[in-house]
Structure formats: structure tokens, C-alpha cells
Amino acid sequence: MKNQTLLIVLLLAAFIALPLRAVEVTVFAAASLTDSLKEIGAAYEKTSGDKIIFNFGASSTLARQIEAGAPADIFFSADEAKMDGLAAKELIDAGTRKSRLGNALVVVVPNDSALEIKSAGNLTNDSIKKIAFADPKAVPAGVYGRAWLTNMQVWAAIEPKVIPTENVRAALAAVESGNVEAGVVFKTDAGISKKVKVAYEVPAKDAPKISYPMALVKDSKQADAAKKFLDYLAAEEAGQVFQRFGFILLE
Amino acid sequence: MSLLLKNISLPLADFVLEVEAEMRGRVTVVFGPSGAGKTSLLDLVAGLRRAKSAFIQLNDRVLTDKGKNISVPVQQRAIGYVPQDLALFPHLSVRQNLLYGRKAESNGEAISFERVAGVLEIESLVDRSVTKLSGGEKQRVALARALLASPRLLLLDEPLASLDAPLKAKIIPYLGRIRDEFKVPMIFVTHDRAEAMTLADEMVVLVAGKVMQAGRVADVFSRPANAEVAKYVGMETLQPGRVTSVNEGLATVEAGSVTLTAMALESPSRDVFVCIRGEDVILQRETGAGSSVRNRLAARIVSLRQEGALVRVELDAGFPLFALVTRPAATELALREGDPITGMIKTSAIHLVPR
Amino acid sequence: MTAEEWQIVWFTAWVSALSTLLILPFGLALAWALARRDWPGKSIVETLVSLPLVMPPVATGLILLKVFGRRGGIGGFLHDHFNFDVVFTWRAVVVALSVMSFPMLVLFARVAFEEVNPRLEQIARTLGASPLRVFFTITMPLAARGIIAGMILAIARALGEFGATIMVAGNIPGKTTTLSLSIFQNVELGEDSHAFRLLGISVVLAFVAVWSSQFLLRRKRKLP
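So the sequence lines, in the order shown, correspond to chains A, B and C. If you read the first sequence in my numbering, its first letter stands for residue 1, the second for the next number, and so on. If you read the second sequence in my numbering, its first letter stands for residue 1, the second for the next number, and so on. If you read the third sequence in my numbering, its first letter stands for residue 1, the second for the next number, and so on.
Heads up, some of the hints might be wrong.
Calculated pairs, DSBU-like style, for lysine-lysine (alpha carbon to alpha carbon, straight line, at most 30 Å) [said to hold, decoys possible]: (1) K195(A) with K42(C); (2) K129(A) with K175(C); (3) K138(B) with K68(B); (4) K129(A) with K66(C).
If the Cβ cut is set under 10 Å, some of the chain A residues that face chain C in the computed set are [stated by the list, open to error]: (5) P71; (6) E90; (7) D93; (8) T165.
Covered, in the sense of this in silico footprint (three residues per stretch, anywhere, with C-beta under 8 Å from a C-beta of chain C), are these stretches of chain A [unchecked claim]: (9) 94–107; (10) 129–141; (11) 153–164; (12) 177–183.
Rather than coming from a laboratory, the hints here were simulated on the basis of the structure. If you're wondering where the values come from, they're calculated on a predicted model, not measured in any experiment. Ideal Cβ positions, reconstructed from N, Cα and C, are used throughout, including at glycine.
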């Protein structure tokens, strides 16, 4: 009788303990980080035994979700503004905040397009009727793009042609489908797709400063495991993966 | 008028409607029990239904010839139809209903609005709403509507079925007026003997989709061609019998345990049904002095049933015999169940039908 | 309410009305055929018509995107031959609304037609009316209440459309932004008061639509 009770207690303990052992870390990350982070996450899972769950989307959407209490452990944004917004509401652990990634903006066109784009001004041509942007009002890629074109004094002329999309990958998809003549996306996004080609790379001097901050979300229930993953993201191995995908390391 | 129906074959739920008939009367009644296919037949003539095979010709115009793929569209047949539920248009006024079938150009042949309204006595109803009419008023409006479309033939489906006795008595004259004053040939469907006898010249008996008999109304009623027709035209007593001998136009028939004298059939047949109308059986308490009646049967009263002004008496006369007598007569004779009584039937009132 | 918000309400109202008018002829014809006729494959047609009602709107939107996109069957034809774009324009909004509200109209109109006693139509024909005259003088007037109720609900469905619209028309300010799209975006941007104002208008419009269609359907049943 006593042996049976002991067995049941041990089984229950194991049952409860097991989930505790395999920790799940939830990362809310910008859409442009999709492919690189998936690779990094897979590698990390093998070495650490922890599980990484990703939620990719527009940084503006993700920030909104975190504000509403979504269970994120880490926020990896495509611009400082969204992170600042959460910091101001004291939703992130400022001490863990780091920005190590940069990116470049490019104008992409469908593979079979004959368009030549040599400058921002070319976008005002009549041959370009629709340009896909991640929503220039909120999504970082679109905000950057708008900043660039405003800087080049052509935003007013181009704005009527803008097709705002949910996030930068949706803008890419729009160009891939051929429903728009061109799109403004990150260089790293263009690298992923086989159906588009880069028509123009925005020179660093014309573009706004692009930087990807990452931080621990204060209400995280796996703070320790999350911090471990953040350290991994800041380290050498991850850095190499990011570079391979085309990100710029801001060291 | 002449309505020719040939090769009609229309499968229905339980049987196939197969009709060959020619209707020439002013008023023809299609007579039979419910479910015999009478409404389907009307629908076919009006063009509202298609049959597997059919040939329908009205006067000199072929309306349907399935074999030659001829089918005149409903709206060009000029055949009026008054269905059982009248189908007055609820969203239109009485006047709009009446004028619905009116053609823009009225030639001299068109029946005048005033005349129809007058004959059917609906002048005062013309501006009313259709939904506020009584049963009899609706009936007359439906009739008038069909007439005002100047039909060459008028079909009526059980025109009196939904009316009570007093109302029926009121409407029957209107139908008569349509026959006499507007001279529009009519074919109407009913399962009521009284209506058939009152209004029609010719009759077609339809049972389970087949024409059992056709001819003048009086002939069919008095000389039913077979047991089924006999049943439907109201022979209360239907008894199998055997003709044992025929002599000078009279036949001796054995029915049950008794022998009867009846009028012989033209084409002699051994096995017959003996058909006797209830009204033709006379009941007598004592066997009185001589009478001309050939068939006097000693019987016992099995049951008595009131049927309105009449009493239906079931007798055991050696076979089940039914008599219909008036209530005063039943009271006067003090009829009671179990009583012995004599049933008397004239020879000419016993109809033989080959079996 | 700002001028921009009024523009969105106005735009939403007229595309909803336009899409309902566009589906009316074909929708009524199909509803009549479903009510009065039988043919092999009828159940397949019935199922296809009901699909947009049951499928996730974004899924329907995806199908429309493929068909009306520049490389799609219809969109490609229009783009190559007429230099005419459908996706990412107001025309795509009309297409999305039409497709999504079509089943609603057909459903209600079919029931309305079925409730018209076929005997009335038959008798009208014996009185000399052609099938077309019967349809317009007998069938339609008697089915009118049910059909109008169906139209109102179709408009209401169009007013509230989101999933298919965002797929095929995007959310282009001033060009394809509808009430629902705008509410979504405002919430995304954190502009809650903005969103709630638009929400209020949506509720009012939906309420009026459903209430008036209920009213029509109730009146109809009272007729003898």
C-alpha cells in the first residue's frame, strides 16, 4: 500500500516537473527577422533544451499586443520608436535593451519587370502606378521608407501611389504577385524571395538610421530563460547568421 | 365544341393517368373519387403539366402533340381555369383581378365586363379588397375573372367542394347561367353525384387514372358499365351473382341464397354483379296483396343509420341489401334492429354488371 | 467626427449600396431558379452559393485576390487588354462586398419566392400572361417584402465586411478604407477614441438594417 502511494507521488511529481524542465520562451519579433530568427532559434533549442516560440508580425502590431497583455517574454522590434513606446509604459526591462542589428532599404520589382529605377525620383514616373509599403503610418519598414522619400523631397508625389500593407512581408508578397509595380522592403527581405529582384538599393546617406532593438518584457514568466536567449542573440554565433541573411551588425 | 384527348400517359404517385376521350357537351363532368387524377387531367388540358405522351386538340386546334413536339404555351391556349382554391391574387383589388386577363384590344367577341358583373352579381364587390370577400363572393369573382379572359373552354376543379349546402345551392344557378348566357363550354371536376346530375350533359368517370365510362350523364348513372362505376355512381348494394337463365329479355340471377329477376344484359354474361340503388328498395311490413314488383324478399333489419333526411337501412335478405327511406317513413314503420321486414325491388331497378 | 471619418462612412455606404445593386439582377434570377426549378447539379449550385457565408472571409478574399489580381484569370485579362486594375482599388472593395453579401440575398429571396403560391402564377398564365408578365405582376409583388429584407441584410453584410476586403483591396487611405478597415487600423495605431466613434456608427447602421428587415418580415407574416 505504501509502495503504491509512493509510486503515484513520484509519477505526479515527474508529471509536474517535466514541463518545468523544458522552458518555453516566447519571442515577439519583427516580420523582417522571420527567416534568420527561425534558424537561430532552432540551433539554440538543440543546445539549451529550451523551446523558442516565435510570433512574427509588424512591430507596431506586436507592441500593441504586448501593451494589451500578450504573453511575450522578449520583444525584438524593427525600430527604436516602438521599443521607446513600451519603455515609456515601463513594460520592458531597460537594462536588457540592446540594439545590434541594422538593415538597408531597397526597392524591389517583380522578376519579369523591365522597370529601371536609378533614384528616388524615378518612383514618381507614370510607369509606376502602385508601390507597396508596409503601412507608412506605423510599421517600421514603411516608416523608414517614408522618412527616406520625405528626405528626398518626393514623398508628396509618391503618396497617392502607396498601397499600405499589414507588414513588410505582405509588401513583399504584393510585389511577388505582380499586383503592384514596385515595393519598398528591407534588403534582407529581398534576399529571401526568388520572385522579386532588387531594382535599387537606398544609399545609407539617403536613408534614415535603421536599428533593431531587443529587450526582455518585464512581465515575463521565464525571465531567466529569456535572458539566456537574449545573451545568445547578442553573441558571435547568432551574429554570423544575421550577417549571412544580409543584416548589418552595428558594432 | 370538341375536346379530343388521345394517348394521354402521365405517371402519378400511385398509378398512371391514361385517357382517351372526346368531350363534346356544353358541360362535361369528370367524375370520380379523390385522387383519381382529375386535377392532373385538367392541368394537362390547360398546359400546366407535361405528360409522357399526349395529344390534345380543342376544336380545330392542336394544343399538345408530344409526338411532334408541339405544345402551345399556357398563355396562348385561351382555356380558363378556376382551381379548387380559387387562386385570387391577394395583392390586387377585385377589379384588378377581374381585368387581369383582359386583352388591350377587345374584339367584338369579348365578353363585356358589365354583363359578366351583372350575371354573376358582383357589381358591388368590384372595388373591394380580395381578402375581405366571403366564400361565395370569392367563387363568383374567380368565375368572372376566368370568363373575362374570353376563354374558349372553362375548366373548373371542384367548384362547389368548399361550400356548405346552402351556398352550393346558390352557386349552382350561376354556373348554369355561364352555360346558358355566355355559351362557354365547361369541363368541371367533382366527386359529388348531385352536382354532376344537376349541371352536366356528359360525363367521364375517372378512377385511378383510367376512364371507366363516358357518355350522357343519365346513361352512366342508370347503366354503369362495371362494378367500380356502379360504386361511384351510388349503387348501395353490390352483390356478386350468377345468371342461371335468360328468358324474353329477363334474367334470373342467383345472389347469395335468393333468386332475383333482373333486366338481361345485351351481351350475356354468366358471372355478374347485382347493383341496386338504395332509393329503389321499398320496405313493407306485411306482405300485402299483389303488386307488380317481381322481387319480394323476406329480410331482417341489421342496422339503421340516420343520413340527414334519410335513413339508411341495412338488411339481411339472403345477401346484404341496403335501402334508403325517409325519416318519417322509418318512424311510421317503427323500424327497429332485428325486425323482420319485406324488401321489394322492381326488376328494372336491378342492374347487372358483368364480372 | 473629422472630415476624414465622414469620408470613410460615406465611402462605406455607397460601395455597400452599389455592390447590393450589382448583385440584385443575377441574385434574384438565381433565387427564382432555385425556388421554382430543378436540374441535375442543383445541389452543387446551392452549395457554391452558400460558401462565402460559411468560409472564413479571408479565405474567400484570397481566392478573389488570385482571380482578380494582375496575373489572375479575370484581373489579368482586364489588365492586359484594358490597362484596368481591380485589386487595390475601390473596384476590389465592390467585388469583395458583392461576393460576401451575395449568399444573403439569394437565401432570403429564394424563401420569398418559395412562399408565393405557384398556383397563382399558373392561373395568371391561363389568363393569358406571358412568363415575364407573371414574374413582374404576380411573383415579384408577392415576394417583395422578403426580397427587400434580403437586400437590407445584404447591405448590412457589406457594411461590416472586413476579411475579404483587406485581402483584395488593402487599406488605402482615401481610396479603399471602409468602416471596418478603419476601426481595425485605429486600434492598431492606438487611436482608441477614433476607433470607438467609428464603432458607434457601425453599431447604429447595423441596428437600423437588422431592425428594418425584421419589421418587413414580420409584416409579411401577418397578411392572410
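Checked hints:
1. Note on K195(A) and K42(C): the hinted pairing is violated, with a Cα-Cα distance of about 41 Å set against a maximum of 30 Å.
2. Annotation: proposed proximity of K129(A) to K175(C) holds, straight-line Cα distance about 14 Å (limit 30 Å).
3. Of the supplied pair hints, the one linking K138(B) and K68(B) is violated, its CA atoms being roughly 40 Å apart against a limit of 30 Å.
4. Distance hint between K129(A) and K66(C) is fulfilled; the C-alpha atoms sit about 20 Å from each other, no more than 30 Å.
5. With a cut of 10 Å, the hint placing P71(A) at the interface with chain C is violated, because the nearest CB-to-CB distance is about 19 Å.
6. Annotation: interface hint on E90(A) violated; nearest CB of chain C at approximately 16 Å, more than 10 Å.
7. A cut of 10 Å between beta carbons decides the hint on D93(A): the least distance to chain C is about 22 Å, and the hint is violated.
8. Interface restraint check for T165(A): the shortest CB-CB distance to chain C comes to about 7 Å, inside 10 Å, so the restraint holds.
9. Remark: the region 94–107 of chain A is not confirmed as covered by chain C, as 0 of its residues place a Cβ nearer than 8 Å to a Cβ of that chain, below the required three.
10. With 5 residues carrying a beta carbon less than 8 Å from a beta carbon of chain C, the region 129–141 of chain A meets the three-residue requirement, and the given coverage holds.
11. By the rule of at least three residues with a Cβ nearer than 8 Å to a Cβ of chain C, the coverage given for the region 153–164 of chain A holds, with 3 such residues.
12. Figure legend: the region 177–183 of chain A, annotated as covered by chain C; annotation consistent (4 residues with Cβ-Cβ distances under 8 Å, at least 3 required).
In terms of the numbered hints stated before, the structure departs from hints 1, 3, 5, 6, 7, 9, listed from lowest to highest.
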